[in-house]
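Asker: Residue strings, one per chain:
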Amino acid sequence: MTLDKGAGSGPRSAHWFGAACAGLALSVGCHDATATRQVELVRETTVQPGEWRLNADAMERFGLRSMSAPGRDAAEEPELPRFAWDTPAGWKELPTSSMRLANFQVAGHPGAECYLTMLGGVGGGLAANVNRWRTQMNLPPMSSEDIEALPKGELFGRPATRVDLRGSFTGMNSSEKLPDYRMIGLIVVEPGGSLFLKMVGPDAVVGSQGEALEALAKSFRLSQPGEAAAPDSPGAPQDTAAAPAANVADGLSWVLPAGWRRAPDRSMRLASFQVDEQGDVEASLTRLAGEGGGLLANVNRWRKQMSREDLTEQDLAQATRIPMLGGVGVLVEIESAADASSPALMLGALCVRPEGSVFVKLTGPRARIEAQREAFRAFSSSLSEAP
Amino acid sequence: MKALGSRLLRVFSSIGTSCTLLILLGLLTWLGTLEQVDHGLYEVQKKYFESFFLVHQAGPIPIPLPGANLVMCLLFVNLIIGGIVRLRIHGPTVGVLVTHVGILMLLGAGFVKMYHADEGHVTLFEGQQATHFESYYRWELVVGEPLPDGRVREHVARQEQFADALGATPKRIEVPGLPLALEVRHYQANTRPQQKGPMFEVDVPVVDGLFLRERPLQKEAETNIAGLYVAVLGTADGSRRDGLVWGAQSAPWTVQVGGKTYAIDLRHERYALPFTLALEDFEKIDHPGTGMPKSFSSDVQVTEGPSARDLTISMNEPLRSGGLVIYQASWGPSTARPGDPLFSTFAVVRNPADQYPLYACIVIALGMLLHFSRKLIRHVRLEARRA
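Read top to bottom, the protein sequences are chains A and B. For the first sequence, this note's numbering begins at 1 and goes up steadily by one. For the second sequence, this note's numbering begins at 1 and goes up steadily by one.
By construction, these hints were calculated from the structure, which means they are not laboratory data. From a predicted model like this one, the values you see are computed outputs, not experimental measurements. Treat the hints loosely; a few may be bogus.
[To be verified] Below, simulated DSSO-like cross-link-like pairs (lysine-lysine); rule was C-alpha separation at most 27 Å, straight line:
1) B:284 to A:304
2) B:294 to A:304
3) B:284 to B:294
4) A:177 to A:92
[As the list claims (entries may be wrong)] The calculated label-pair distances, taken between Cβ atoms and stated as ranges, are:
5) B:41 to A:312: 50 to 60 Å
6) B:271 to A:148: 49 to 59 Å
7) B:238 to A:208: 56 to 66 Å
8) B:274 to A:52: 15 to 25 Å
9) B:223 to A:208: 44 to 54 Å
10) A:219 to B:218: 32 to 42 Å
11) A:370 to B:293: 49 to 59 Å
12) B:223 to A:255: 53 to 63 Å
Don't be surprised by glycine CBs; every beta carbon is placed ideally from N, CA and C.
Using the sequences provided together with the hints, build the complete structure.
Answerer: Written out as structure tokens, the structure reads:
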């Protein structure tokens, strides 16, 4: 920044400099935020398969309801305003999920449950939801007039329609009819959102808990400042990466081997488990509809992941059988190919059934997986359909 | 007026101004670095270094400061006037002049990069190919018009055209060539879609039972996911469709206008590659006995028209082609088991001034060499004469 005094100064330079400063000021200050905007960039592209799925509704687009194929990302657990409730005596709070904002085991009975769900908008309407519940209880649909005439209750401080049904219950993920069941529920349908509190279980249990349900429904409230949100309320402070605590997921239950602990849930898996202190080796539990492609195809898919050649049906007939989910499961052990950079071992247990197939898989360094062999077998055998 | 011009010229060409500007740059760098701890690199870069003015909050005291953009503009002017225009050019000042030209080149490189560089990434699994790369931070609003040949014509609004639609007042974006226009509002730089329940109210519109809940900006700006309320207005039929678009939606919002289907998507800004980049093989070499990568590299094929080249991109050997620099950045998924398919992520930079700093440094070094060589020779001669 050397300056020789007197050199080059003069009127022309001054004018030039002033004009430059004025131009700079104008260019900085004249951005018009109200000007009409117009798309100026147009390009033609080839669409990658699955990139432009048309006609998906908003719930699907935002991952609030699963689509047939995984999306880019799913919305995280909703951050609702904190709310609280008073759990009825003898009831047990269960972990919540993305759908169940509050979740309970009723009166200590493992087959009786009660949960609160919410939908944006009218959620299909009152009649559709009442008749959906009636279908689950294997009852014929009601007319609109009969639905209008249903008794009223209160849920979250709002008028609700009370539904009380007796029949054979068929759950959403099952085709089995459970006789002598009862369902009592409260439904709020409003344009600003809909709430559903449903209690279902054996008639003998649920029938005695009607008043408890109504008390619970009335107790739901937004947390006041200073009031602790219920521990599993979606609004309650929680570590989003925290692992679910219960040994149950989506209708399956299990006995956790010593040293195993539940890992944060991931998409496509029912549950994940860290099997040792290092925490970087996880067992996965997944379920597929129907036979999920079949036993041999799944075993060979796993073998391919370990760079191993396919087995035949005859080979598979030699595989170890273990008790699993009240039936028979197949246990496989697959070593990585000899030329793999790091020796790995995969343990797998498969229970392939027409009504839904369950897969357990554990992969990692050979020595650490071998140490889990018995625990893996015990875990797989402990799996059962949750009552 | 002439006197004012001369006075301004003197001020802007003085070495005092140079020192003041350099001290301000140092101060901004220091304050920006401190602020980075709480607000992350991206936000600090925008506030302190890409701005003309800013207000630094020193505890409860707001301190207005010039942004580094303005400071560097002034320094550029200062260098031109003081270091070049007003410099008496003769033998002893040639080195100084060359050095000043080098510094100007350095500043020029900064401006070119700020206004004309694109930075982003492309992620590919083995066997996949890409014809574009995506920004880490910037968003674009796209109206996709499916074409009969299966391709899609994309009408793209850049972030500047909707990111200031922060409140309820809509901004209108015309889409030439289509019978529709967009009305955008409630832009949120980090948001999550959520269902609206009847038991709470929200201060943004609810569309199809859903609303966008704004979340605090994250320090890691690439993890922010933007969202926007969009209305599609039929310019011919006067129709209006309201919807939400979210940066992580798994499918675009589909609307019908004039009997034709359009897809509305909010996604990271895309930039065309001047070639097709295909990942043929990704190799990760782990440290022995661990899952920690020692090195990773990607074998890619670069296809431009009829010619195709096979190349390897590794951690320290980027690919320079078509004005782009493509670096091996990362890989995943981190939870992949042996045999699971891996993806490779490349950082892509298109910076027309990519090599300017190198040239500028050479020019500066040459100028300083000239200047100090002359000084040294003069000093040696003087000493010789004294002796």
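Asker: Evaluate each hint against the coordinates.
Answerer: Each hint, compared with the structure:
Between residue 284 of chain B and residue 304 of chain A the CA atoms are separated by roughly 18 Å; this keeps the pair inside 27 Å, and the hint holds. Only pairs whose Cα atoms come within 27 Å are accepted, and residue 294 of chain B paired with residue 304 of chain A is accepted, the gap being roughly 25 Å. Note on residue 284 of chain B and residue 294 of chain B: the hinted pairing holds, with a Cα-Cα distance of about 8 Å set against a maximum of 27 Å. For the suggested pair residue 177 of chain A and residue 92 of chain A, the alpha carbons sit about 25 Å apart, so the restraint of at most 27 Å is met.
For residue 41 of chain B and residue 312 of chain A, the hinted distance range of 50 to 60 Å is satisfied, since their beta carbons lie about 56 Å from each other. Checked against the hint of 49 to 59 Å, the C-beta distance between residue 271 of chain B and residue 148 of chain A comes to roughly 58 Å, which is consistent with it. The hinted window of 56 to 66 Å between residue 238 of chain B and residue 208 of chain A holds, with their beta carbons roughly 59 Å apart. Between residue 274 of chain B and residue 52 of chain A the Cβ separation comes to about 24 Å, which falls inside the hinted range of 15 to 25 Å.
Our hint of 44 to 54 Å for residue 223 of chain B and residue 208 of chain A holds, since their Cβ atoms are close to 49 Å apart. Range check, residue 219 of chain A to residue 218 of chain B: Cβ separation about 36 Å, and the 32 to 42 Å hint holds. A hinted range of 49 to 59 Å for the beta carbons of residue 370 of chain A and residue 293 of chain B is inconsistent with their spacing of about 24 Å. Taking the beta carbon of each, residue 223 of chain B and residue 255 of chain A are about 38 Å apart, not inside 53 to 63 Å as hinted.
The earlier numbered hints that this structure contradicts are 11, 12.
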